[in-house]
Structure formats: structure tokens, C-alpha cells
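*Asks:* Top to bottom, those sequences are chains H and D. Counting with our numbering, you get residues 1 to 231 for the letters of the first sequence. Counting with our numbering, you get residues 1 to 231 for the letters of the second sequence.
Think of the hints as simulated: they come from the structure by calculation, not from any bench. For every residue, glycine included, the Cβ atom is placed at its ideal position computed from N, Cα and C. Don't take every hint at face value.
Claimed, not checked - Residues from chain D that face chain H, not an exhaustive set, calculated with beta carbons under 7 Å:
| hint | residue |
| --- | --- |
| 1 | F7 |
| 2 | A10 |
| 3 | L12 |
| 4 | Y149 |
| 5 | L151 |
| 6 | D171 |
| 7 | S172 |
| 8 | H182 |
| 9 | S184 |
| 10 | A191 |
| 11 | Q195 |
What the hints assert, rightly or not - Per label pair, the in silico range of CB-to-CB distance:
| hint | chain 1 | residue 1 | chain 2 | residue 2 | range |
| --- | --- | --- | --- | --- | --- |
| 12 | H | L230 | D | L198 | 19 to 25 Å |
| 13 | H | I55 | D | A211 | 56 to 62 Å |
| 14 | H | Q163 | D | N213 | 35 to 41 Å |
2 protein chains.
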Amino acid sequence: MQIDLTFTPAELAYCDLRGKIAVVIDVFRFTTAALAALEAGAAGIYVVKEVEEAIELRAKDPRLLLAGERRALKVPGFDFGNSPLEFTNRVQGRRIVWCTTNGTNAVTMAAAADEVILASLRSAAAAAEYLSARKKDCILVPAGLRGRYSLEDTWCAGYIARQLEGCAVSDSAQTAMCIAEHWSLRDLSAAQHGQVLLGLGMAADVEYCLALNSSPNVIRQDPLSGWCTLA
Amino acid sequence: MQIDLTFTPAELAYCDLRGKIAVVIDVFRFTTAALAALEAGAAGIYVVKEVEEAIELRAKDPRLLLAGERRALKVPGFDFGNSPLEFTNRVQGRRIVWCTTNGTNAVTMAAAADEVILASLRSAAAAAEYLSARKKDCILVPAGLRGRYSLEDTWCAGYIARQLEGCAVSDSAQTAMCIAEHWSLRDLSAAQHGQVLLGLGMAADVEYCLALNSSPNVIRQDPLSGWCTLA
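This is chain H alone, in the form it adopts within the complex (with noise of 0.2 Å):
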């Protein structure tokens, strides 16, 4: 079993994804959101680019929710921003197209992996049980933030790396695991992407990110239909 990392989503073009399971992390917000929302009762998530893909959907079907942000704000029309905290049992049962900056942009382009499950903070505990269990190469995927470094998805990726035993590590995935050990998760609410969230005055949802092993659950998306939810 292989550990991988790729520090942004864009290094994915120089990888060979076939019979890896992408493992992808956006704690501010996306994958913590969307756990938010399963664990409330949502039927399944479906990822997608760009916000017009999202209202053409629902033109097909009006009964989908959507939800996503631009600018960390919520889109226009859209029914949720990206906060975990909006996802109460409103949507239970219910279909939620989701669009975001870098979270739902990142599991786009892992597509070509044998499979891709979303974690975060909350689940990374479980993310790294489900990983021994599978027994696959992996590769962990940070979404980053607007194309960049995002240092807490890559401490996540680190601390799900040093709980996975006997693996060969990459140089990458063994650079996440240094920062998993050497910097706190308080270090992380001072990072750049937590500043920027902290000034919007989203502070509740910085803290709710951040409750590290608070969630037995693990996101997987269906390979063919592409719909995420629950292992």
C-alpha cells in the first residue's frame, strides 16, 4: 500500500490515478459541510464545476437543492452557502447539487481515480480506518484554496497519513505528515484560509471544522453515477 499527496489539485495532471482511491480534503469548507449535510439526512451530493452546471440541473429537476459558494459567500439563487452549520434536517432525503471554489473543483479532477471519498478534520480518524480497511494505494488530495496551498487540508492529509502503518510514503505525503506532527490544530485557525474566514465573522464554522475525530462517518462518491454519500 502507497501513500501519494499532491499539494495542489493542479499536480493532478501529473499523476497516474488508475487503481488509487483519491482521498479528498477541503476542511474550510466543502467536505466538512458535506458531511454536515449527510449526516442530517441528505440523500447524496453531486459535485460539479461551475455554478451554471448546478441551475442547469435543477431546470431539470426542480426538486434538487443547491448549495455552494464564490468568494466564500453564498451563490445567488443557491439555497445553502458552504457553511456546515446551515445543514439541519431541511434536507433530509433530499438531492443537493454542490458548487465551490476549491472543494468540489478538487473531486473533478480526481475523477480518474478507482475511487475518491471526501474527508475532513472531523472525519479523519475514520477516513484513515476506511483506508486500512481498502487496503489501496492512495493519494491525498488537499483542495487547496483558489489554486494554492491550503495549509489545514494538507495537516489533515498528514494526520490521516500517520495514522495509516506499514505503507510506502511519498517525499510529498511525508512532508504533510512533518506538519501534522509539528504544528497544533490551533495553529490552523491562524493559518490564511481560517484569517479569511475569521474576518466574514464565520468563527462558529472555523470551530466546527476543527473538531478533529469528531465523526465516525467517511464521504464515497459512486464511480458511475457520481453521486456522494455516506461508506
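Chain H is fixed; fit chain D onto it per the hints.
*Replies:* For chain D alone, kept in the frame of chain H given last:
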């Protein structure tokens, strides 16, 4: 003065390079070998992205020397490969067109910066001194390995960043500084790219490239002509 860093050159597409000094680092081996060539008396180095461009340039000016590699080996028809040990006084007064998989590619991708310099472990302290004196925002650009992360290039970038005082440091540059702090120079030859070179019998190259701070020189690319010379 701000210090930023891209983990792979593909991340440069998401950066605003205007007003910045880009510091391209390709420890194994382009920026190390280019330093060796200029210290051996070469009149200048011109980087190109494709082998064909180098051949076309020589067709126009037969006095040009050609250097570079594909899959770490000398390009057929070129005068030199990419080993720093090849560049003796044969190159004195000569201009060299250079094409490699990682380093020269990163230089061309950083072209939007106000100024491009090339650094390596041998010139790390000299590069830090140059940047301190210039007092401009800078972006460290590890050249990577076939589009992927390179540990030795990132280590070198982190080492340089650690010499710069009183700067605002991005999350990515802080990550590189953490790597340079917690890992030793010796770890770099055990990393992926070092192992490839050792497997090809290039132990002398690896040792030469890892000689930290053994040169007082920095390479600077002329923003108008594109020719690289000692600063």
C-alpha cells in the same frame, strides 16, 4: 517584504508575480549545473522549454553550445548533459542554450515575475543575502520532478526563507521552513529524486549538488534579453 512559495510550477498559474523576485530552485540538477557552468566561465545561459527550440537556435548561431537532459540523460546531439561536473573550462566565454525537464521549464513559467534568479543548495546563503539586500517581495519556486513535488528543492527554499528576517511568510513558505528545520541534508539524497540519480550511478553529482553554501554566487536572468549570468 513578503515571502511566498509554490510547491510545483503549475501553482504559478494562480500567482500574481508582478513586482516580485522569483527564485527558481532545481537542486538536482539544473540550477546547480548552471552555476557550475557560469563559474567555469560560460558567457551566459539561455533556457528553453523544448529540445527543438535549442536545436533551432543553434541552427541560427552555430557557436552556441547545447546542454540538457531528458529522463536525466544527455539529449542526443547536445554538447552537455545536466551534470554540474561536465562544465570545465571548455565552456569559457561560450554561450549555452539549456533544456531540462524540470528546471528550465520552471524558469519559463516564472517569466511574469519582475526578476528571476536561480538558486541551489550551493548558493543558498548567497541567494538569501541577495534577497535581503533587494528587499522586494519574493516567491520561491522549487522546480519539482516531472510536475510533482521535490523534497530537495523545497528544503532548499525553506533554508533560504529561514535566513530572511522580518518578513511576512505565507503558509506554504512556512511549511518549507518546517521541512528545512526538521530534516537533515542527508535526508535529501534518500528522497525520491536523489534515489533516481544514485540508481543511475550519479553519486558524484548528488554529492556536488548537496554541498550547502559552497558558492558565493547567484544567477540572475536579464529581464529583457532572457540571458542568465552571475549576478
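*Asks:* The structure should be examined with respect to each hint, and the outcome stated for every one.
*Replies:* Hints and how they fare:
1. Because the smallest distance between the Cβ of F7 (chain D) and any Cβ of chain H comes to about 4 Å, under 7 Å, the interface hint for this residue holds.
2. Satisfaction of the interface hint for A10 (chain D) is found here, the shortest Cβ-Cβ separation to chain H being roughly 4 Å, below the 7 Å cut-off.
3. Of the supplied interface hints, the one on L12 (chain D) is violated, with its beta-carbon coming no nearer than about 9 Å to a beta-carbon of chain H, more than 7 Å.
4. Interface restraint check: Y149 (chain D) against chain H, minimum CB-CB distance 4 Å, threshold 7 Å, status holds.
5. Because the smallest distance between the Cβ of L151 (chain D) and any Cβ of chain H comes to about 4 Å, under 7 Å, the interface hint for this residue holds.
6. Interface restraint check for D171 (chain D): the shortest CB-CB distance to chain H comes to about 4 Å, inside 7 Å, so the restraint holds.
7. About 4 Å separates the beta-carbon of S172 (chain D) from the nearest beta-carbon of chain H, less than 7 Å, and the hint is met.
8. Nearest Cβ of chain H to the Cβ of H182 (chain D): about 6 Å, under the 7 Å cut. The hint holds.
9. Residue-level restraint check for S184 (chain D) is violated (minimum Cβ-Cβ distance to chain H is 12 Å; threshold 7 Å).
10. With a least beta-carbon distance of about 5 Å to chain H, the hint placing A191 (chain D) at the interface is held under the 7 Å criterion.
11. Contact between Q195 (chain D) and chain H, as hinted, is not supported at the beta carbon level, the nearest pair being about 10 Å apart and thus beyond 7 Å.
12. Checked against the given bound of 19 to 25 Å, the beta carbons of L230 (chain H) and L198 (chain D), roughly 46 Å apart, lie outside it.
13. Between I55 (chain H) and A211 (chain D) the Cβ separation comes to about 58 Å, which falls inside the hinted range of 56 to 62 Å.
14. The beta-carbon spacing between Q163 (chain H) and N213 (chain D), approximately 38 Å, falls within the hinted interval of 35 to 41 Å.
The structure is inconsistent with the numbered hints 3, 9, 11 and 12, although it conforms to all the rest.
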